[in-house]
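> Residues per chain, in single letters:
Protein chains: 2
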Amino acid sequence: MISDILSCPMPISNHKTIQLAHGAGGLLSMNLINEVFLPYFSNESLNRLDDFALLYSDNKKLAFTTDSYVVDPIFFPGGDIGELAIYGTVNDLSMSGGVPLWISVSFIIEEGFPIDDLKIIAQSMKRASDRSNVRIVTGDTKVVPRGACDKIFINTSGIAKVSQKYSISGYNIKAGDQIILSGTIADHGMAVMTSRNNLSFESEICSDLSPLNDLVQCILNICPEVHAFRDPTRGGIGVTLNEFARQSQVGIVIRDNKIPIHENVRGACEVLGIDPYFVANEGKLIAVVPNMYSEKVLDAMRDHPLGKDSAIIGEVVSNHPSTVVITTLLGVKQILDIPAGDQLPRIC
Amino acid sequence: MISDILSCPMPISNHKTIQLAHGAGGLLSMNLINEVFLPYFSNESLNRLDDFALLYSDNKKLAFTTDSYVVDPIFFPGGDIGELAIYGTVNDLSMSGGVPLWISVSFIIEEGFPIDDLKIIAQSMKRASDRSNVRIVTGDTKVVPRGACDKIFINTSGIAKVSQKYSISGYNIKAGDQIILSGTIADHGMAVMTSRNNLSFESEICSDLSPLNDLVQCILNICPEVHAFRDPTRGGIGVTLNEFARQSQVGIVIRDNKIPIHENVRGACEVLGIDPYFVANEGKLIAVVPNMYSEKVLDAMRDHPLGKDSAIIGEVVSNHPSTVVITTLLGVKQILDIPAGDQLPRIC
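Protein chains in written order, with our numbering: chain A, 1 to 348; chain B, 1001 to 1348.
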């Protein structure tokens, strides 16, 4: 039932137990990080809350990242948990401007899980790592009794080499910068959700799951001065844009009619009352570039197979710092704020 | 009931579904790796099956490792899942001879988990990372609905810098080498097991959970030519010694009466019919060193707070390659083979 699908615990600010919304990438996730983790773990790298840590070692720069994948269902239109685990980490690393090289893989598997399914997942991971030119160099497998986990969870961590010449971070954004999105939004989240709940729409919604490392290098070849990259996964482009505005203390203005979205995805979102701005993508990036480079970067992105629907969706302004404003076709301006709650749990 | 505690699916070689024993570090774990993962993931780093991957980058050597922690219960005598997750990865990295520097932390948390418990775990992780001089630089949090995981699972991955002058690996062991164990065996596994099942013995069994990075550097200062290090966690010293014998195609002879073990741990193992050789440790290492260094290394280890019960427990021989033989006080020789099955699931 639709009402079941959309039910979520109403977030209040002072929970004593973990809520689904604490893992959704919205305000409650931020609260959890700020109130539980940062007081203990605080350090310069972690506090930046980029999707990767930059590590400096003997004048070399590395990016390091980690993600656990708990997607339900584990096989969905356009991919499976294995590919998602490889591309997800490749993409987080790529957002540093670096070249992803090495990946670790750690499985938590429920007793009774079919070995044939595990082989399919391993094969997907192999294909995904080959496609993104990374090597799976170390791993771990844990098995837990029936009922102690739901089928299979996969953690991947990864390391990229980053050129010294780049300085790419959510903190580097400046007024006047243009915001370029590499394609349609909400495909991954809506593919997982409709597949989980056996909802059928006119045409099947397919995840956009793809490795972004090559597109990133293609952009950097045109414009080494990219200010920020981010792949809008959990929380969608809405959370990413808000993070950018807060990290760099700038305002962001987005033009609603410029945001690419597939018709079937838009339709599914409308029917289900879901805001596509806050739905996960797994093969898209947002690049924030100086104005003078924006048209050249846009052309290069459109020439790339993973960027053919790229669009300049907005710009960075000096007024209303930390706030994202969206303008509709009719000129109405609305604040695009981060929701506290959880539209779609276990999407990645 | 004891019979419940010790029950485990009898392993046969041709399973269609994942068994608990596939995660136990014994023969079935090896089968899973060899038959499901290596056919797809095979590469030079991974195939070595050390506890870490060595990565070469611009004439620098890094070690990289990952582990997911699913221990039950999450709080046990001598530690909790948070400390375990930090020390476990610090120790795997240390076995490369390197200095652990950076750690990633990824949580999978069950909806409804008490935030106060999460704070205790975060505090433990902070204490453990301070004690081992590593920085938690990046992280991830996922929340899954009630029943989709058992309380909390933690993945840590880590990076160490390794000096070019060391060549430490299970493949470097030579006949004549001495085998030194840094202290008593089976403390961690028996602490978790007795605590999980509320078994009480005369004195409480306490986990040996500790960071081994300092002990490792102390040994390397005396003997830069260490041939192999390993921390005998899942599978205990029995699996570690067998891995060494197979990797270097050597024989290993162990003197049973030299193996340090606490009396209460020995007693608990006897009562429960558990072989302490195959029970996990979380603060012990085995060093394999050339004969000429062995007494000096032993002295240095005994001077270290985490090595005061160190003992030379055996030696490497050229006959019976790939086989570990144990000699009892009465001179009886037995082969110490890896069990297929699972004595103790969810110990780490």
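Hints in this document: simulated from the structure, not taken from any laboratory. Every residue gets a Cβ at the ideal spot worked out from N, C-alpha and C, and that includes glycine. Mixed in with the good hints there might be a few duds.
[As the list claims (entries may be wrong)] Selected chain B positions facing chain A (Cβ under 8 Å, derived; list incomplete):
{"no.": "1", "residue": "His1015"}
{"no.": "2", "residue": "Leu1027"}
{"no.": "3", "residue": "Asn1031"}
{"no.": "4", "residue": "Asn1034"}
{"no.": "5", "residue": "Tyr1056"}
{"no.": "6", "residue": "Val1070"}
{"no.": "7", "residue": "Ile1120"}
{"no.": "8", "residue": "Tyr1171"}
{"no.": "9", "residue": "Ala1175"}
{"no.": "10", "residue": "Ser1200"}
{"no.": "11", "residue": "Ser1203"}
{"no.": "12", "residue": "Glu1204"}
{"no.": "13", "residue": "Val1253"}
{"no.": "14", "residue": "Asp1256"}
{"no.": "15", "residue": "Lys1258"}
{"no.": "16", "residue": "Pro1345"}
[As the list claims (entries may be wrong)] If you want the footprint, here are the derived chain A segments under chain B, 3+ residues with CB under 8 Å:
{"no.": "17", "region": "34-44"}
{"no.": "18", "region": "83-90"}
{"no.": "19", "region": "133-143"}
{"no.": "20", "region": "183-193"}
{"no.": "21", "region": "212-220"}
{"no.": "22", "region": "317-326"}
> Are any of the numbered hints broken by this structure? If so, which, sorted upward?
Violated hints (numbers, rising): 2, 3, 4, 5, 7, 8, 9, 10, 11, 12, 13, 14, 15, 18, 20, 21 and 22; every other hint is consistent with the structure.
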